[in-house]
Amino acid sequence: MSLLQVKNVSKHFGSLIAVNDISMTVAPGELRAIIGPNGAGKTTFFNLITGFFTPTSGNIFFEDQDVTDLLPARRVWRGMARTFQVTEVFPELSVRENLRIAVEVAAGLRLRPWLSEADNGNIQSRVSELIDMGGLGGKADRQVGELAHGDQRSCEIMMALALKPRLLLLDEPTAGMGDQETYEITQLIRRLHKDSKLTIVLIEHDMRVVFHLADRIMVLDQGKFLADGTPPEIAANKAVQTAYLGQAA
Amino acid sequence: MKFDKRAGDILVWAFLLSAPFWLPMIGSYVELGTRVVIYALAAMALNFLLGYTGVLSFGHAAYFGLGAYGTALTIKYVYPSTPLGMLVGIVLGTLAAAVIGPMIARLRGVYFAMCTIAFGQVFYFIAFQWFSLTGGDDGVSAWHRMPLDFGFTTLDILNDNKAFYYFVVAIFGICAAAMAFLLRSPFGRTLLAIRENERRARFLGIPVDWHIWMSWVVSCFFVSIAGTLFALMNDFVDPRALRWDQSGNFVIMAVLGGMRSFWGPLIGSAIFLVLQDYISSETENWMSFIGLFFVLVVLFFPRGVLGIIRRKATS
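Protein chains in written order, with this note's numbering: chain U, 1 to 249; chain Z, 1 to 315.
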């Protein structure tokens, strides 16, 4: 059984074909990386999976259910959570409040005008758990907008995890980060994958991160499928080398 | 020093509850206090949407006006009872907002604002043109608010201006408490989430349009309560109550006082109406002075008057 199955999706923006007839199958527990040069259509492909765009053609199945035309919020309810290339958090709220909103929504309490003591206690302990997991202990009551980029990213990932997703989609989790921050985020993703057995699909530019983390790698180039395989297979693939290094290499 | 929120609440209530005693002493009058509180309720209701959901409505006067007309017409034509009039006004305003809501809840920014003006003006022209019911430009007159009969006692809000003031403050207090309560709930936090980052909110699984609709209805519910009080205060209502410039006044009050502060719109309403009261006795062009003041506040204190006080207190 596959957790996520993408069948022949394409996305056209006017005459531009951003994603051209791409298929992908992700098994439960897998960590799949999507790589490709700039303009390969990685983020567009991601946006089709998460419902930010609807595909021009093709279908997307999540846990064998067709989700091609579902709104983003409904895909989240089914168990898909994502982060963005440019960190998307609630900048003027504290880390704790950011996570609290995510936890409450995940618990189905978003319409509640009030909470029972028991609910409130459960929510607070879950929020504390996520703060610890994300290494945000000392910063929980600071505004997220004031934190370092790495901490903001960590908060964003924790918000996604608060939703208890069965599939986590990360769009360039280490984009714009220094070596130390990249290392920490990589370790976090590794823990989620190894310890929590979470299925993860991520887009990444940093090849060290990709080859360190991924079970399988899919390569896109100019909107088209180029290759798919384990990290050693991809490293040895001539077509991939050509796409990255140019014809001369 | 950290600004104590509770201290702020106590200060606000001390001012509101003692106002009828000191207003005449400083050369003012109780009715001005009543007006400030009513407009404050309208501006706070608007701010539920503007400051806490991040959506700007320029058409709240419509639901304010529907509340006012509902009250006036009920008391004049149906049955002379203040509570019944208020009930009809509130239901009318809220229902209209609930029906119009789905048509605008998908829009954002200036498109939302423009559509709220457009729908608002529809009600203005209905009130203006439907002469047989509303009296058109002349408004609904020849009626007055009725004393409140509680069975064991009556509160003469008709003749006793202090009693009416406290009646208005009581309603204001209930509404303010209800809004504060909602804003601290999980539902209130989803609104903050939408204000802060709509994309993130959507990808947390919040159906954003649906929550904006609910926030809009809640906001219009409270603004229509303000509208019913406005009609009761004047014992009269005319189409100016629901014209677009009235909506603009609510926005000015909220922004002037500070739209990220809960009590900001109350401060804004007080500044606006006191300035209006004093300047309009000197010159017809009072609005240009308020306009100038508004521009200065927006330029130099974008978080409003209460925003300055709060920054001083926290730094």
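Just to be clear, a hint being listed does not mean it is correct.
[Unchecked claim] Sample of chain Z residues with no beta-carbon within 10 Å of chain U, all distances over it, derived:
(1) LEU192
(2) VAL208
(3) ARG240
[Stated by the list, open to error] Which stretches of chain Z does chain U cover? Using the computed rule of at least three CB atoms under 8 Å from a CB of chain U, they are:
(4) 105-112
(5) 177-188
Derived from the structure by calculation, the hints contain no laboratory data.
Everything numeric in this text was worked out from a predicted model, so none of it was measured.
Ideal Cβ positions, reconstructed from N, Cα and C, are used throughout, including at glycine.
We went through each hint and held it up to the structure:
no.: 1; hint: LEU192; verdict: violated, 7 Å
no.: 2; hint: VAL208; verdict: violated, 7 Å
no.: 3; hint: ARG240; verdict: holds, 35 Å
no.: 4; hint: 105-112; verdict: violated (count 0)
no.: 5; hint: 177-188; verdict: holds (count 5)
Of the numbered hints listed earlier, those contradicted by the structure are 1, 2, 4.
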